[in-house]
Each structure stands twice: as C-alpha cells, then as structure tokens.
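**Q** Please construct the entire structure, taking both the sequences and the accompanying hints into account.
The opening residue of the sequence shown carries number 1 in UniProt numbering; numbering runs sequentially from there.
If you're looking for bench data, these hints aren't it; they were derived computationally from the structure. Keep in mind that the hints are not guaranteed to be accurate.
Think about it this way: if two alpha-carbon atoms lie no more than 20 Å apart in a straight line, the pair counts; the simulated SDA-like pairs of lysine to any residue are [unchecked claim]: (1) K234 / Y215; (2) K209 / V331; (3) K107 / P150.
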Amino acid sequence: MSVTFKDVAKLAGVSTQTVSRVTNGADNVSPETRDRVNQAINALGYIPNKGAQMLSRGKSKTLGIVSLDIALHGVALIVNGVRQQAYEKGYGAALSIVENNEFGRIKAAIRELASQQVDYIVVNVPLTQEMAEQLVEQFTALNFMFIDVPEYSKVNYVCAEHTEGAKMAVQHLIACQREDFLLITGPNASTGSSLRRAGWCDELTQNGKNIVASYEGDWDAQSGYLAIRDALAKKLTFDAVLVANDQMALGVLCALSELGVSVPDRVSVVGFDNISDSAFFTPPLTTVEQDFLALGQQAVKRLLDSAEQTGKTPCQLILPTRLVTRASSSVKTKQGDNAQEILNHLDKARALLQSSLERN
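**A** Structure below.
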C-alpha cells in the first residue's frame, strides 16, 4: 500500500497542508517543521506526485535541455553539469536529443519541452545568430541559455575561451620547433570549432608557419583517423597536427601509429578538451582544457539568475581554457625521417619485396 500525504502528516505531527508546502518548496515553513516533515518523508519512503504538484502550482520545477547526442564525451559532461546544478536549485531535468542542428527539429524539441510546462531551457546545439535570436523571439514565454552560438549573438550564452585556447596550442608547438601544420577542425556549423580554427590560423600566420591542409571532422575519432590516412596517402609533409577535440585526436594517434609515424619525434599532436581519457592515450595527449562540467553548471546558474533580472541585457559568460602538456608533443628531434620520407621508405620496401617474390 502506497504512502500518502496523511501518513507523512501523522508521523510528523503536522497538517497535510504543511506537508504540501514542504514538498512544493514553499518558504513559509519554519526550519524545525521542515526538518520534521523531511524526516518523516525519509522514514516512510514517501515519493511526492510531481504531476499533481505541477497542476496545483500551474508551472513545472523542471529545466529542459536540448542537446546533441550524449555519446559525444563533451556533450555528455555538459548535460551532467546541467543536471547537477538543476538538482541543487531544486529542479529536475528533461532531456531532448536532436541528431543535428536542423532548425525544425530544434523547434519541435522545444515545443515538446514547453508542453511539459518547462520554463527554462539550455540549448547545447550549434546555432547561427539568426537561429538563436529567432528562438528567443518565437518562444517568448521561455527563458533560454545557449552554449554554441556566435559571440555577437544577442542572447544568453555560456562558452569556453576557444580562440585563446587555440592560440596557446599553436604557441606551444612553435616552442617545440614545429613548422608544417595539419589542421583537423570540428563541424563547420559549430561556433566553437570555427573559433578554434580562427585562433590556430591567426597565430600560425603571424608566426610565418605553414598550414599544409585543413580537414573538417565530426568530433568522432574516426574522422581524425581518416583525415591522417588521407593526408599521408597524398604524401603531405607535416610535423604537427592541431585537432579540435580529443576524440578526433585519438583517431589521429591511431592512424599515425599504424603508418609507423613516431609521435612526438616526427609529428607532435595537440587536441582540445582534456577529457579524462586523454591522459591515457598512447602517447598521453597534450591538449587544451575546457571545463565541460562547469559549462553546464554555469549555464543553469546564469539562466535562473537572468530570468529574475528586469533588464534586457543578455547574460554572456566566457570560461577560461588552459594548456595541458603531455607526451604527444615535444621539441622536434633531428633523428629519423619525416612523414614523407617514411612513405618513401615504405614504397621502396614494397618494391623490394615484390622484386624478391618475382625472382622466387
């Protein structure tokens, strides 16, 4: 038999109205009474009916999240940060996943969350300025916080300092005496990816370094792997690879290893994110750290704070990044061959093997 309001009220020695006020988070309850009711709730294992509470209050204590696939490491950490902070503020979290940033899908996800009486929504999907501002104008009853929008957008947003982080990566590789750079970006639709690429290119150009080629990845390890295979198949010569996230950098390291290109002696690799696994790559990955958990937490804090402000100035926060150096980057050595010479050696080895087989 399920536990009811009356059971809690009887054990706590209070009225059912008092139990209702406590479970709804009302302020007009003394600390002593609130503690007594909560002790009774815990003792009885009472679970409040959230649906009934929503109907009685006319609004939800749920915060919505519109997000890309949480199989991506950084996305999952941001969602986790949102959920943690929402819980601390007394909110649940409703998650809606979209496959891409197709505008119709995003609006449908927002409508679904709005139907659950959600007032606050964190959007962790890459959007243009026009898309973000249109959402704010169209859904006037909702409060939004965005994570991947252009910095000049007139909306609330929280993001990492992508440009400065990218420049730190280049400066580190220049200090490692690297000259020829291969770039592997994230999707072009992502503002974060675009800012990282711009930071790389600005710093490389100012220092007279050579950009050998640029590949567009999709944040997944396979795209980094395929980019390196393609670059070496085309016999491109490079001694440094800048990668827009750590998962793609994992694919880069795998491809270089398969093709016999030594890291970091012949090619240094720097990623972006500093996911927890990057310290255990082979070799451990030098990377630019952004705090995904803090991004999610700050998104909720600033969203709830901005909703209480009477002014119309958007809340915009940029969190710092930092370089984490590990074994995938080092000062260039004069020992051994570069990637081009390695391929030449492989070609010669294949030719010798073929000649030997023909003689036999």
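**Q** For every hint, state whether the structure bears it out.
**A** Structure-based check of each hint:
1. The hinted pair formed by K234 and Y215 meets the criterion: a straight-line CA distance of about 13 Å does not exceed 20 Å.
2. In summary, the hint linking K209 to V331 is supported, as the alpha carbons are separated by about 16 Å, within the 20 Å threshold.
3. Proximity of K107 to P150 is assessed by CA-CA distance (about 19 Å); at most 20 Å being required, the pair is judged to hold.
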